[in-house]
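Chemist: Listed below are the residues making up each chain.
There are 2 protein chains.
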Amino acid sequence: MDSSTEDKIYLAARRIFVLKGMEGARMQEIADEAGMNKALLHYYFRSKENLFKAVFKDIFTKFFSKVKDTLFSNITSKDKLVVFIDSYIDLISSNPYVPQFIINEINRDPKVLKTLMFESGIEPQKILELFFNEVKLENSSEVDSRHIVISLMGMLVFPFVARPLLQMIYFNNDSETYDHFLKERKEVVKNMIFKLIEA
Amino acid sequence: MDSSTEDKIYLAARRIFVLKGMEGARMQEIADEAGMNKALLHYYFRSKENLFKAVFKDIFTKFFSKVKDTLFSNITSKDKLVVFIDSYIDLISSNPYVPQFIINEINRDPKVLKTLMFESGIEPQKILELFFNEVKLENSSEVDSRHIVISLMGMLVFPFVARPLLQMIYFNNDSETYDHFLKERKEVVKNMIFKLIEA
DNA sequence: GCATAAGTTAACCATATGGTTAAACCATAA
DNA sequence: TTATGGTTTAACCATATGGTTAACTTATGC
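First to last, the protein sequences are chains B and D.
The opening residue of the first sequence carries number 279 in the working numbering; numbering runs sequentially from there.
The opening residue of the second sequence carries number 279 in the working numbering; numbering runs sequentially from there.
The set of hints was computed from the structure by calculation and includes no laboratory data.
Zero decoy hints are in this set.
Since the list can't tell identical chains apart, any single copy or any two copies may satisfy a pair.
Restricting the straight-line Cα-Cα distance to at most 20 Å, the calculated cross-link-like pairs of lysine-lysine (PhoX-like) are:
#1 Lys414 - Lys473
#2 Lys326 - Lys298
#3 Lys404 - Lys346
#4 Lys344 - Lys464
#5 Lys326 - Lys389
#6 Lys331 - Lys298
Work the whole structure out from these sequences, hints included.
Modeler: This is the structure we're talking about:
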């Protein structure tokens with residue numbers, strides 16, 4: 279039952295780290311969440327830092343791997359954009375705290391990103407570059423495609439990370455209305471991007 | 279020199295909290311930054327929580343007050359958008375960690391936002407609503423103006439908060455090139471928004 | 001100048017935190 | 001059954017952390 283204990287700890291750690299971040303998470307809290315004795319965290323992962331890195335690496339690579347198949351498929355670049363946007367809104371909707379977790383941690387400790395890119399076979403980087411190329415192929419505007427890509431990312435991520443503020447101010451703090459807004463956003467963001475890339 | 283000591287502590291706290299967040303900041307570190315004995319932090323602000331709230335409130339209200347004069351001026355809505363975008367890219371450029379600080383803290387503790395909105399005379403909310411109205415006036419598209427506003431915010435903020443990742447992947451980790459990209463962005467975001475709001 | 005209030009310091013406090021340790025427990029093989 | 005290796009536990013450890021305290025220093029008012 280070795281991997282079962284390790285998995286339980288990992289899953290608990292993932293949940294707590296995503297919600298609280300490296301600084302806010304407590305080993306005892308993770309142990310409680312896993313239903314394990316705190317010493318086991320050190321037995322299996324040796325330190326808080328190691329545990330965190332395992333979690334961050336997993337989350338980071340999975341976050342960007344979701345569209346790998348899409349990017350390597352034979353559909354048109356335009357259709358890839360569509361699938362990409364749909365996929366990511368769904369993905370973030372079901373893991374709403376993950377973008378904020380990633381952004382917070384890469385700002386808190388930029389070295390974690392460098393280390394990760396070096397260790398992870400550079401796959402997330404490759405995926406982001408492939409994605410960039412798809413956008414570039416479709417971009418008929420005069421604008422540097424990096425502006426398009428980064429704007430698209432901002433449009434996808436921001437409604438989630440800034441949710442507490444935006445929901446309060448523009449949606450009367452009504453969670454259901456905001457959820458509905460997020461669903462609408464699939465079509466809206468697609469239309470926006472296509473508008474931005476046209477000549 | 280009462281206010282001078284208090285100010286020194288406040289300024290130090292602001293710097294450390296913005297960089298480290300509430301969870302990551304240490305009172306001893308703030309005291310060291312201020313060149314003061316740690317007990318003074320409690321003497322003047324009573325607790326870490328109080329000190330943090332003072333800082334957060336100040337930063338939050340100032341962040342949104344920057345365009346107050348613009349919003350109340352007599353220029354056209356379209357020109358207001360232009361000034362708004364210019365102002366915010368400049369503001370964020372000179373305080374690059376502030377958006378991330380705000381986003382992180384409103385996610386870490388959403389109650390801080392509720393309390394703040396109640397205490398601060400609701401000014402940031404009013405400003406965001408006024409801004410929304412200006413966008414709505416200019417929006418000839420079929421799209422709900424909230425989508426436009428939120429997309430604009432995402433476009434303004436995201437390049438800063440995700441800088442470590444974006445710079446590494448799309449800019450060969452060259453800081454100067456990224457800074458140049460950010461400067462370009464003033465014109466680019468304006469053009470993008472005008473494209474999005476046209477019929 | 002004196003009394004008092006406000007500001008400052010160094011030492012201290014109670015608890016939290018990540019981590020360690022030795023013993024107990026469990027599973028398996030001989 | 002015993003030996004062995006792996007897993008788990010409860011207790012413990014050293015340091016960090018936010019906060020307190022009493023003594024000292026400085027500023028202020030009369």
